[in-house]
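So the sequences go chain by chain: A and B.
269 is the number that full-length UniProt numbering gives to position 269 of the first sequence; each next residue is one higher, with no gaps.
232 is the number that full-length UniProt numbering gives to position 232 of the second sequence; each next residue is one higher, with no gaps.
Honestly, the hints are just simulated from the structure, not real lab data.
Computed from a prediction, not measured in an experiment: that's the story for all the values here.
Every residue gets a Cβ at the ideal spot worked out from N, C-alpha and C, and that includes glycine.
Some hints here could point you the wrong way.
To be verified - With a straight-line Cα cutoff of 20 Å, these simulated PhoX-like cross-link-like pairs (lysine-lysine) come out:
#1 B:K47 / A:K381
#2 B:K79 / A:K2
#3 A:K320 / B:K36
#4 B:K76 / A:K2
To be verified - Distance ranges between label pairs, derived from CB positions:
#5 A:N374 / B:E302: 44 to 50 Å
#6 A:K284 / B:A431: 25 to 31 Å
#7 A:P76 / B:L412: 40 to 46 Å
#8 A:M1 / B:L100: 24 to 30 Å
#9 A:K284 / B:E437: 31 to 37 Å
#10 A:S19 / B:M226: 55 to 61 Å
#11 A:R373 / B:E75: 54 to 60 Å
#12 A:D12 / B:D296: 37 to 43 Å
To be verified - Here are some of the chain B residues that sit facing chain A, going by a computed Cβ distance under 10 Å:
#13 A58
#14 Y237
#15 Q402
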Amino acid sequence: MKVKALSRSTSDYVRERSSDIQRLPRNFDPALHPFERAREYTRAVNAAKLERMFAKPFLGAMDGHIDGVYTLSKHPWDLGSMISGSGDGEIRIWSLGSQKTVWKAPNAHKGIVQGVCPIPGNETDRFISVGFDKLVKIWSVHESGANTSGIPDPVATYSGKGLLSGVDHHRKKPQFATSSSCVEIWDVNRSEPISTLTWGADTVNTVRMNQTETNVLASCGTDRTIILYDLRSNSPIVKLVQTLRTNAISWNPMEAFIFATANEDHNCYTFDMRRMNHATNILKDHVSAVMDIDYSPTGEELVSASYDRSIRLWNAREGKSRDIYHTKRMQRVFCARFSMDSKYVVSGSDDGNVRLWKAHASERLGPKSTRERNIIEYSEKLKERYQYLPQVRKILKNRNIPQPIKKVSKTKWTMIESQKRKEENRRKHSKPGSVPYVSERKKSIVAVTSK
Amino acid sequence: MSENQKKPKATKATKKNLPKYKRGSDQAFINVTNWKSKIVLKQTKNKNESALLQAAQAENLLTESAGYLEAEGLEKTYKFTQQQIGENVDLNSAQKIFDLNLENFGPYHIDYTRNGRNILIGGRKGHIASFDWKNAKLKNELHLRETVRDVKWLHNESLFAVAQKKYVYIYDHTGAEVHCLKKHIEPHALDFLPYHFLLTSIGNQGVLRYQDISTGQLVAEHRTGMGACKVLCQNPYNAIEVLGHGSGVVSMWAPSSNQPLVKMLCHKGPVQSIAIDRSGTYMATSGLDGLLKVWDIRSYKELHSYYTPTPAHSLDISQLGLLSVGYGPHVTIWKDALKIKQQSPYLSHMMPSKSISSMKFVPYDDTLGIGHSSGISSIIVPGAGEPNFDALETNPFETQKQRREMEIHSLLDKIQPDMISLNPNSIGQAASTTREERVKAAKERLLENMAEKKENGIQLKKKKRGRNSAAHRFLRKRQKNVIDIKKLAALEKIEKERIEREKKRQGPNPETDTGALASFYADKKKR
Chain A
1 MKVKALSRST SDYVRERSSD IQRLPRNFDP ALHPFERARE YTRAVNAAKL ERMFAKPFLG
61 AMDGHIDGVY TLSKHPWDLG SMISGSGDGE IRIWSLGSQK TVWKAPNAHK GIVQGVCPIP
121 GNETDRFISV GFDKLVKIWS VHESGANTSG IPDPVATYSG KGLLSGVDHH RKKPQFATSS
181 SCVEIWDVNR SEPISTLTWG ADTVNTVRMN QTETNVLASC GTDRTIILYD LRSNSPIVKL
241 VQTLRTNAIS WNPMEAFIFA TANEDHNCYT FDMRRMNHAT NILKDHVSAV MDIDYSPTGE
301 ELVSASYDRS IRLWNAREGK SRDIYHTKRM QRVFCARFSM DSKYVVSGSD DGNVRLWKAH
361 ASERLGPKST RERNIIEYSE KLKERYQYLP QVRKILKNRN IPQPIKKVSK TKWTMIESQK
421 RKEENRRKHS KPGSVPYVSE RKKSIVAVTS K
Chain B
1 MSENQKKPKA TKATKKNLPK YKRGSDQAFI NVTNWKSKIV LKQTKNKNES ALLQAAQAEN
61 LLTESAGYLE AEGLEKTYKF TQQQIGENVD LNSAQKIFDL NLENFGPYHI DYTRNGRNIL
121 IGGRKGHIAS FDWKNAKLKN ELHLRETVRD VKWLHNESLF AVAQKKYVYI YDHTGAEVHC
181 LKKHIEPHAL DFLPYHFLLT SIGNQGVLRY QDISTGQLVA EHRTGMGACK VLCQNPYNAI
241 EVLGHGSGVV SMWAPSSNQP LVKMLCHKGP VQSIAIDRSG TYMATSGLDG LLKVWDIRSY
301 KELHSYYTPT PAHSLDISQL GLLSVGYGPH VTIWKDALKI KQQSPYLSHM MPSKSISSMK
361 FVPYDDTLGI GHSSGISSII VPGAGEPNFD ALETNPFETQ KQRREMEIHS LLDKIQPDMI
421 SLNPNSIGQA ASTTREERVK AAKERLLENM AEKKENGIQL KKKKRGRNSA AHRFLRKRQK
481 NVIDIKKLAA LEKIEKERIE REKKRQGPNP ETDTGALASF YADKKKR
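Please construct the entire structure, taking both the sequences and the accompanying hints into account.
Structure follows, in structure tokens:
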């Protein structure tokens, strides 16, 4: 007789010392793992529930400004600080860690501070501000007086020609651009602009320099245009006219030829500057004018601030927002910025507060252990895999939206539907082909002119 | 050189294992045209393939191999006695052969925990005991002084359920009564679905009850309508509960449906016992008609049947597919009996002057536990148990901490009772038909049904909903031959209604009723 019966030695399966890790033999035979799908689905539902349970994005409101906050700027060399400018001409530098003002200049400008922007570089602590008082001021935290109580003086003051509405610094050269009735290029050390760029517009809203392709800059004007300029030839390249005006522009930090715009028609658009005859993406969700937009440093995400008192976060390649942030006390939001580690979002609104949010609502802050990271990755994958199943989708998509936004979005939906219906009727009753289908990405574009 | 030779060899062995780990078919998304979806599908496919390969390669890491018993020369395996086997196996295994003589309280029902470490025995006359059987360590012992009809471990060794004379009771590991389930009246048999945390019972009333032991809710109560029932068994593949009735019918149940999902006539006499293998393919049933039948429960067809000298009272199928049959004092164990009809058993064992009441193979072990009229016995059956366990599923060597953690995880992964269906993989699958198609098919079925009824001469009720008006009712109640003003008015009203209906059905006349010129037409009519 040949016989063998299962006989497991305990020493093979139990750890020898208590300092060892436990032995966990695995067997991947599907017969030993019944109800795989049902169990995985249950885990996905739980992961979705947990995500929404821990979704607490609001970190804090930083008060100090007396008037609304109309401009915000992040420092590319300093993770923990933000510069804000308010309607009464005050500039403040905030430490995001302690959520406090570390430096302030009351009455930096007479009237609204329209733009602030740090001068890049490791050594310098200078930044530029522009206001409706037609002045460009260069500040330094240390040289202008470091205390929070006294009134600091600017390092330099230059006077511009018109009401200045925006400022942005060149990535490498000591140059910056301002917008007023035209786009002016300044040297930091000279009191007069070194060149002036115009193409039609009587007022320019914003100017934004490309931080990767450093010779390109974009501006948008009240005549509903977006104009791209080249610094090398000192001339405009292309002009795009849309149906409504653009409020803000943000260049994609990873793909130098892509930029996103915040439009008055409640939508955000992304464009490829090589092919401007259509938008590469439309981001639709806001129910009022979008006032500001900013790319995350990864170039994958966007944050937009809107007049409907909400901030929305977007996956840059998708058309619907990933999340909406709002609080009861937050008024019209005029500016929003991603932090340089793309983990936080800062917003400035009409109520004079600067608010700090998490970029991912349910993310736990602080260092994570390997096991925790593994679990997070696993649950992310589960949510991705089961996102189309009704129960999971319902949990993941559900947001508590303020009543006014809900109402307006309903009305908006009805309007859009009726417009569509009308167009369809018109198409039905006219000569075939005379009312062509226009793709959504081309609809808002009136004209593209290149020089 | 040796490396070059080894590599293809390893892949060949792995390739042989691949089908075992495969999930689903590659044909699912053949008609996809969208290029983005195509890329995603291709990436998913590649990932699945690499996962499949890794799972198959991991088979090399398994440490144990299954047990076996082979005859040499003129020997027959079924002639080997337990004593002979015990002498030829190692000491550790030989200790697994034992008898417990408990003559006063029998016959005994037995049950093992899911990891095979603990045994629970329940004597008909009220004796309950649970112990760690490998170390012969008694955990608790109770004398209930009441009839005990069945015993069942719950998710782990900390709780167990007992079917007593009137109700089902739950006890903890110390033997303290934790719950009395008063809804489960006169239970005969118990079962537990570990992934759903459902305790099921069937009894004298023939009502199948599902109790969620994590929330305490009574999830479902199904009247079988087939009288008292003593045979309850689960299909481990899809958590369907299978009942064996006195009429020879076997019915399959899920909590979401109050009708049996499947009813099959298996025997020409009461069903005595049912066993289902872990892949959910084979079912073995025995009846008082002296037959033992093997069924394919994917197609619900009989594969083959055996005669038993006396009706088999209990059946069980081991993890590796050995079928044990208990009748009178005999136990026979059959190898490969599910797939092919066998001529002779693999092993046989006899316990003189005892009659077997329940039998259970020990999970992850080559042992069979037998509960009989005067105690319990344990015998070695080489090749019965799964040699390699997965410690994240069930772990025979788990520590207390691991057990607690496992409990939490299994509670988090608890499957909802309404997800039990005949096909456990239906979740997350794309429907092959659209909703409209399904509705249309249902409508057609209904019409066909009606036509069939008409053909068979069954009168259909004429239901005309919403066609009854006050005028109609008035006319019905009047004498037919009397014509007065009231009747004329009613007739006129009906005629008016009819015209209006007709108009509505035809829809508006584009020339006269709508458009900018409609008002002119209306004026014309008036004139």
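How the hints compare with the structure:
1. B:K47 / A:K381: Between B:K47 and A:K381 the Cα gap is close to 13 Å, so the pair holds against 20 Å.
2. B:K79 / A:K2: Since the Cα atoms of B:K79 and A:K2 sit roughly 14 Å apart, the hinted pair holds (cutoff 20 Å).
3. A:K320 / B:K36: 18 Å, holds
4. B:K76 / A:K2: Satisfied, since the Cα-Cα distance of roughly 11 Å is no more than 20 Å.
5. A:N374 / B:E302: 44 to 50 Å: 49 Å, holds
6. A:K284 / B:A431: 25 to 31 Å: Holds, since A:K284 and B:A431 (Cβ atoms, about 30 Å apart) stay within the stated range.
7. A:P76 / B:L412: 40 to 46 Å: Between A:P76 and B:L412, where Cβ atoms are some 44 Å apart, the hint holds.
8. A:M1 / B:L100: 24 to 30 Å: 27 Å, holds
9. A:K284 / B:E437: 31 to 37 Å: The hinted range 31 to 37 Å holds for A:K284 and B:E437, with Cβ atoms some 33 Å apart.
10. A:S19 / B:M226: 55 to 61 Å: Once the Cβ atoms are compared, 60 Å apart, the range 55 to 61 Å for B:M226 and A:S19 holds.
11. A:R373 / B:E75: 54 to 60 Å: 59 Å, holds
12. A:D12 / B:D296: 37 to 43 Å: Because 38 Å falls inside the window, the suggested range holds.
13. A58: 6 Å, holds
14. Y237: With Cβ-Cβ at 6 Å, under 10 Å, it holds.
15. Q402: 7 Å, holds
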